[in-house]
Amino acid sequence: MNHRSLAFRLSLWYSLLLSATFALVGTGMFYGLQQYLRSSLRDSLRRRSVQVEQILDQSRPDISDAEISDAINTRVSPEFNNRFVRVTRDPATLAYRSGPPADRSFDPKAVPPIPGDWLNSGVVRRTVTVQAQRLMVSATRIETPSGRYLIELGSSLASIDALQDRLLALLGLLLPALVVCAAGGGYLLVNWALRPVDRMSQTAEQMSMKNLEARLPVVPTGDALQRLSLSLNHMLKRLRDSVQNSRRFLADASHELRTPLTVVKGELQEIVAGVAVHGEMRERIGSVLEEVARLEHLVSGLLALSRFDAGEAKLEWSEVDLAALGESTSEQMRLIAEDRGVELESSTLEPTVVRGDRGRLKQVIVNLLDNAIRFTPRGGSVAVRTARDDLYSILEVHDTGVGIPTAALPHIFERFFRVDEARSREDGGAGLGLSIAKSICSAHGAEIEVASEVGSGSCFRLVFPRPETATGPRVSARANRSDAALRHKPQSFSVARAPATFSPGAASSASEVGAGGSSQPAPMP
Amino acid sequence: MRLLIVEDDRKLADFVARGLRAEGFAVDLAADGREGREHIDSYQYDLLILDLMLPLISGTELLRMVRRSNPTLPVLILTARDATDDKVKHFEAGADDYLTKPFDFAELVVRVKSLLRRTPVERADVILVSNLEVNRLTRQVRRGGQNIELTGKEYALLEYLLSSPSRVFTRTMILEHVWDQSFEGVTNIVDVYVRHLRRKVDDPFPVKLIHTVRGMGYCVREAQQSAEAE
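Line order of the protein sequences matches chains A and B.
Under the numbering used here, the first residue of the first sequence carries the number 1, and numbering increases by one thereafter.
Under the numbering used here, the first residue of the second sequence carries the number 1, and numbering increases by one thereafter.
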C-alpha cells in the first residue's frame with residue numbers, strides 16, 4: 001500500500017473524521033442514557049417518597065412505629081420493588097427501615113445515615129456505596145402532627161450501571177469495527193473510481209512519438225475524469241498534428257533539395273569533365289563539387305531520419321548473424337584501419353542470430369567502425385565483439401581511441417552533434433551518422449549504448465532482445481548481461497544510452513557497467 | 001536513337017538532354033504528363049526517361065498507359081523518392097530501371113546505354129589501356145609484361161574503372177558497384193583502395209594511368225590531353 005496514494009490518504013482522512021464523529025456520538029449516547037435513566041429513577045423514588053409522606057402526614061399524632069411499618073409495607077412494599085426505605089423521627093430514632101430487597105442486592109442495615117445533623121444538613125440526594133453496591137438515596141424532611149421525619153428512599157444503581165457498561169462495550173466494539181470497514185471499503189471504492197485514470201496512464205505510457213495515433217479511453221462519467229480524458233485526447237491530436245507537420249516538412253525539404261542538387265552537380269561535373277577548364281578553376285569547381293557531395297549525403301541522411309521518425313522506413317527482415325556480419329564488415333574495412341595504423345580485431349566472434357535488415361545493420365556497423373578507426377590514434381586498436389545470453393544478443397565495437405568527454409556522452413546520438421566541431425567537420429562528417437544508427441537500432445527494437453573514457457577509448461554496444469524473450473522485462477536481466485567485452489577494462493566508464501530518457505540513467509548506468517566489468521564473471525556459454 | 005525525357009524541372013531536363021545529345025542521342029523534352037503522352041502517341045521512341053512527380057498526369061499513371069500501348073519501350077524512372085517499396089512498386093508497374101536523384105550523369109549514361117542494349121561497358125575478355133592489360137577471364141593483371149598481384153577488392157575496383165576507360169567514375173558509383181550502399185557517405189574506403197591500387201599499378205611506372213578528378217572521382221586513361229593527375 002502506497003502511503004502517499006490518493007486512495008490511502010482519502011481513506012485515512014475520512015476514517016479519522018468518522019472516528020471523531022463516532023466518538024462524539026458515542027459519548028453523547030452514553031451520557032444521555034445515563035441522564036435519562038437516573039432521572040427516571042429519581043422520579044420513581046420521588047413518587048414513593050410522596051406516598052410515604054402521605055402516610056405520615058395523614059397519621060394521628062400518636063401513631064406507633066408498627067403502624068407506620070404496616071402502612072408503608074402495604075402501600076409501598078419496598079422489598080418487592082427492590083427499594084430501600086428508611087424513616088427517621090426527630091431527633092434520631094429509627095421509625096422504619098425496609099427489609100432486604102427481593103434481589104438481595106444490598107443490605108438496608110448497612111446504609112449509612114446522613115452524616116451530622118440531618119435536620120439542618122442540606123443533603124437531598126446522595127450516592128452511597130454499600131458492600132460494593134452503589135445506591136442512590138434521596139432524602140425528604142417533613143413536619144407532621146406526630147413530629148418531624150426524615151424519609152429516605154433508595155434504589156440500587158446496579159441495573160443502570162450494568163446497562164451503561166453494556167452500552168460502552170457495544171460502542172467500543174461496534175464503532176471501531178465500523179470505522180475499519182468504512183476505511184477498507186472506501187479504499188477499494190477510491191481505487192475503483194481511479195481505475196479509469198489507471199487505464200489512461202497505461203495507454204499514455206505506451207505512446208511514443210512514433211505512436212501518437214492511440215487515444216486515451218474516455219470514461220463516460222460526465223465529470224472531471226471524462227473532461228480530463230477528452231482534453232488529453234485533444235492535446236494528443238494537436239501534438240500529433242504538429243509532429244506530423246514537422247516531419248512532413250523535413251521529408252519535403254530533403255526531397256525538394258534533390259532535384260536542384262542533381263542539376264548543380266551535373267552541370268559542375270560537366271564543366272570539370274570538359275576540356276575547356278584548367279588549372280585553378282578546375283580545382284575550385286572540384287572543391288565546390290566536394291561540398292555538393294556533402295550536401296547530398298546530408299540530404300539523404302535527413303530523408304532517412306525523417307523516414308525512421310515517421311515509421312515509414314521499411315526493413316527487409318531476415319535472420320542475420322551478428323558475428324558473421326561483424327566479421328565480414330571488419331574485413332572490408334581492414335584496409336582503412338591498416339592505412340591509419342590501427343589494428344582491427346574481429347576474429348572468432350561468437351555467433352548470435354538476430355532478426356533484422358542486413359543492409360541497415362551493416363550500415364550501423366560500418367558507421368561505428370569508421371568512427372572508431374577515425375578517432376583512434378596510430379598504434380591503437382579497434383575490436384568487434386559479440387556476445388549473447390538468454391535475453392540479449394550483443395555486438396560491441398571497442399576502440400583505444402581518444403574517448404568522448406562525459407559531458408558530451410548524453411548528446412552523441414543527437415542530430416548534428418559533434419564532440420569536437422573542428423575535427424569532425426574536417427573529416428566530412430555531417431553529424432548524422434550516430435543518429436541514423438540509433439534510428440536503425442530503434443526500428444529493430446534494439447538499443448545502442450556507449451561507454452567511454454577520455455584517453456582510454458570508447459565502446460559502442462548494440463543490444464538486441466532475443467526473439468523468444470522479445471517481450472520479456474529488460475530491467476531485471478540487465479545486471480546479468482554478459483559484459484564480455486568490458487571485462488578487461490576495470491575503469492568505470494560513463495555510459496550513455498540512446499533512448500531519450502537519459503538524465504537519471506547516466507550515473508547509475510556508469511556504476512552498473514563498472515561493476516559488471518570488474519567483479520562479474522561473464523555468464524557466457 | 002531517339003529518347004524522350006518527361007521531367008517538369010526545366011533545368012534538370014535541359015541538363016540531362018544536353019548531356020545525352022553530347023553522347024549522340026536525339027532527345028525530346030516534355031514538361032508534364034499530358035505532353036509526355038502526346039509525344040509518346042505521336043513519335044517512335046527507343047527509350048523513355050520518366051520523372052514520377054509530374055503535373056497533370058503523374059509519372060506512375062503515365063507508366064501504366066505506356067505499358068498498355070507500348071509494352072517493349074524501355075522506361076528509366078528518375079525520381080527523388082528512394083524508398084525500397086517505391087522502387088518495387090514501379091518495377092512491378094513496368095519500369096526497367098530506376099535512378100534516384102541526385103544521380104551522377106555518368107551513371108545515367110551507363111543505364112541508358114545498358115537499356116538500349118548498346119554495350120555500355122567493355123565486354124572484351126582482355127582490356128588494354130596503354131601497357132596495362134587486364135584479363136577478365138583469368139583475372140590476371142599485367143603491366144609492361146610484369147604480373148601484378150591484386151586483392152579481390154582491388155581487382156574489382158580496377159575492373160570497374162576499366163569498364164569504361166577515360167570516363168570519370170564518382171565515388172558513389174564506385175561504392176555502389178564495388179561495395180554496397182552501407183558505406184555511402186561514411187567512409188573514405190574508395191580513396192584508400194584507390195591509393196593501394198595505385199601503389200601496385202602506377203607507382204613502379206613512369207606513366208600514371210589512374211587519375212583523380214577533384215570533386216568527382218577517378219578515371220583510368222592514358223595520360224595525354226587534359227591529364228593533370230592529382
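Treat the hints as calculated values from the structure; they're not laboratory data.
Some hints here could point you the wrong way.
Taking lysine-lysine and the DSSO-like style, the derived pairs with C-alpha atoms no more than 30 Å apart in a straight line are [unchecked claim]:
id : chain 1 : residue 1 : chain 2 : residue 2
1  : A       : K314      : B       : K89
2  : A       : K314      : B       : K87
3  : B       : K153      : B       : K11
4  : B       : K89       : B       : K153
5  : B       : K87       : B       : K153
6  : B       : K200      : B       : K153
As the structure is a computational prediction, the values presented were derived from the model and not from experiment.
Need the list of violated hint numbers for this structure, in ascending order.
Numbers 3, 4 - these are the hints that the structure violates, sorted from lowest upward.
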